[in-house]
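Novice: Chain by chain, the residues run as shown.
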Amino acid sequence: MKAAEQAAEIIRNYDGKKLRIMEVCGTHTHEIFRQGIRKMLPGNIQLISGPGCPVCVTPVGYIDEAVYLALEKGCTITTFGDLVRVPGSEKSLASARAEGAKVKPVYSPLDALEYAENHPEEQVVFLSVGFETTTPPSLMAVRQAKKEGLQNFSILTANKTMDNAYLALKDSADAFLYPGHVSTITGTKIYYDLMKEGISGVVTGFTGPELLTALAVIVKKSQEGKPFFMNCYPRVVTDEGSPSARKLAAEMTDPIDSEWRGIGIIPKSGIQLKEEYADYDARKKYDVPEMQGHANPACRCGSVLKGEITPQECRVFGKGCTPEHPIGACMVSGEGACAAFYKYGRDF
Amino acid sequence: MEKTVTLAQGAGGKQTSELIEQIFAKYFNNPYLTADDAAVLPVPQGKMAMTTDGFIVSPSEFPGGNIGKLAVCGTVNDLSCMGARPLYLTCSFVLEEGFPMDKVDRAAEAMAKTAKEAGVHIVAGDTKVAGKGQVDGMFITTTGVGEITEGVKTGGALARPGDAVIVTGDVGRHGCAILLSRNEFQIEADVKSDCAPLWGTVKAVLDTVKDKTGSYKDLHVVRDATRGGVGTVLYEIAGQSSVGIHLQQDQVPVDPAVSGVCGMLGLEPLYLANEGRLVIFTPKENADAVLETLHGLPYSGNAAVIGEVTEENPGKVVMHTPIGGETLLPQPGGELLPRIC
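Just so you know, the sequences run in chain order A and B.
When we follow our numbering, the leftmost residue of the first sequence carries the number 1, and every step to the right adds one.
When we follow our numbering, the leftmost residue of the second sequence carries the number 1001, and every step to the right adds one.
Hints listed in this document are in silico derivations from the structure and should not be mistaken for laboratory results.
Treat the hints with care, since some could be wrong.
What the hints assert, rightly or not - Simulated pairs of lysine to aspartate or glutamate, EDC-like, Cα-Cα distance not exceeding 20 Å:
id: 1; chain 1: A; residue 1: K39; chain 2: B; residue 2: D1250
id: 2; chain 1: A; residue 1: K2; chain 2: B; residue 2: D1250
id: 3; chain 1: A; residue 1: K343; chain 2: B; residue 2: E1268
id: 4; chain 1: A; residue 1: K2; chain 2: B; residue 2: E1326
id: 5; chain 1: A; residue 1: K39; chain 2: B; residue 2: E1312
id: 6; chain 1: A; residue 1: K39; chain 2: B; residue 2: E1326
id: 7; chain 1: A; residue 1: K18; chain 2: A; residue 2: D174
id: 8; chain 1: A; residue 1: K343; chain 2: B; residue 2: E1236
id: 9; chain 1: A; residue 1: K104; chain 2: B; residue 2: E1184
id: 10; chain 1: A; residue 1: K221; chain 2: A; residue 2: E5
Generate the whole structure from the sequences, applying the supplied hints.
Specialist: Okay, here's the thing in structure tokens:
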């Protein structure tokens, strides 16, 4: 714990100007709460929760597409459990299930593939969301499905990449806490490139000491007055990342512009399966009409995701919007900022 | 005897008698258990405690026990937490047609063994058989009666600032064992349920408190942590007593395998079920003596003080983390794992 104590000391003694640090990764947000780090920070360090929760940044229209596939096309929707209760424009997948839709939570896209193999009579769609860490398994499922000539499996993609998001959020924070596991895929080159754009940050892991160390590094380096990057998760994040994962994505997908809830369109921040995999792209396979989703007007997830307000500053937080009755995705998802604040930080 | 349960065995005729004789009566043999319509029992002196419980755990056999052992432990422990010496149990079985008879046999054998250890007699029972698919395997409902030790008054509203919070062993093992034995995650780990009868433990703690202070009054709360885990018990007590509870996270005993599984699945060990763990609230001054007693007993070798009761933050459970931070233990809610007990 000595390193943690030293780091805590550096943080506690910071007396410089207001320092805004954005935690990009939803799991970082939760761990920071769980370790009690928020309460250790002095008043001039502000931790902002960013858009690192894949469910939270997925636009409302995506849920509408999934509901359409379930109710209008009779598809079996296989999905990470988090997505089931996210509200769409009219209804969530949970409500659709209550109306007779087939909605099956799975732990991985490969489970969804196995389900499709074992149920040839069902048209199975996997809801593919996530960042660089989660994309390769989805692509592997598609590759395997094509190899087997499966006719009843496809994915509805909303996968995103982080690189251009940092540029879009440049003015929201003085430094970033970069996502630990996304970085195992991307490697660190992107962060050195971002330094040239004036963006600073540190990549870190998920234990208490690792998080404290990273924050202490930010506190110290930010006082040097120039952009910085440091890899504080060297046991897992290497400079080169995972070339094979990146190769898989490059072979099977094209980058496209993508809508991030609350932020808007970020260029080349999404993916689409290449034409040769069109049969496994649910939008093409089922001719899904374009869905312009609309969120509940009381929902301020977008502002939360950009770090403009804290969850507590949203009028419906903890009142109309709770984990049991969520109004927006940030309250539903296991990685959502609102869910984290509700679970750990309410009235404390 | 049939290798699997048949509908005829639930019909009340010859096959039912065979089932009762060859399995239940064979194991539960005691002077109060007769073939009459009801057991005739001496009434306990003083106040009586009574409890009932249903058991639908799936799978019915798991590392560390089976549904039969669980049924006796669960009921015995409920009585024990009221300071009541368990005296009599009834058990009602609903069996699914086609359920393997050897599992019924093993459940009954475990019930008898556990009842003997707990000093309780199984005095009445009933057996029904439902058609295939109308019930899942084997369901057991028990009712227990015990005699309250005079002068013992424990309750959820009696925790006081300055009380030590003690758990009688490592947390979350039963829930973890059940989760692993369902094999949904294909994780292998050596985790056995902590299922155990705890009257012996409660009696020893009662005696320790009386020896030290002259009465049982200092034993404020004794509660068995079952579904919902220790975390749920703590929130219940904090709410009922309108006090805060301040936990030291690194003092909470957790089996390393349970810790590993929880880390992989994002679960909090304080919210996994137990079936042989007590949470005890008693003034701090008594903690050492209580711990010494617990450490000498079979089911509480790694008992520990995990925190204390405070006036601040009433109704909340605050955790002091290993890196020196403070955070709220998230409030219990939602269904973590179905059919855990």
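Novice: Against this structure, judge whether each hint is valid.
Specialist: Here's how the hints hold up against the structure:
For the given pair, K39 (chain A) sits about 18 Å from D1250 (chain B) by alpha-carbon distance, which is consistent with the 20 Å threshold. Among the hinted pairs, K2 (chain A) with D1250 (chain B) is consistent with the structure: their alpha-carbon atoms are about 16 Å apart, no more than 20 Å. Among the hinted pairs, K343 (chain A) with E1268 (chain B) is consistent with the structure: their alpha-carbon atoms are about 13 Å apart, no more than 20 Å. A distance of roughly 18 Å separates the Cα atoms of K2 (chain A) and E1326 (chain B); the hinted pair therefore holds under the 20 Å criterion.
For the given pair, K39 (chain A) sits about 16 Å from E1312 (chain B) by alpha-carbon distance, which is consistent with the 20 Å threshold. About 7 Å separates the Cα atoms of K39 (chain A) and E1326 (chain B), which keeps this hinted pair within 20 Å; it holds. At most 20 Å may separate the alpha-carbon atoms for a hinted pair to count; K18 (chain A) and D174 (chain A) meet this at roughly 9 Å. Among the hinted pairs, K343 (chain A) with E1236 (chain B) is consistent with the structure: their alpha-carbon atoms are about 17 Å apart, no more than 20 Å.
Between K104 (chain A) and E1184 (chain B) the CA atoms are separated by roughly 14 Å; this keeps the pair inside 20 Å, and the hint holds. A threshold of 20 Å between alpha carbons decides the hint, and for K221 (chain A) with E5 (chain A) the separation of about 18 Å falls inside it, so the pair holds.
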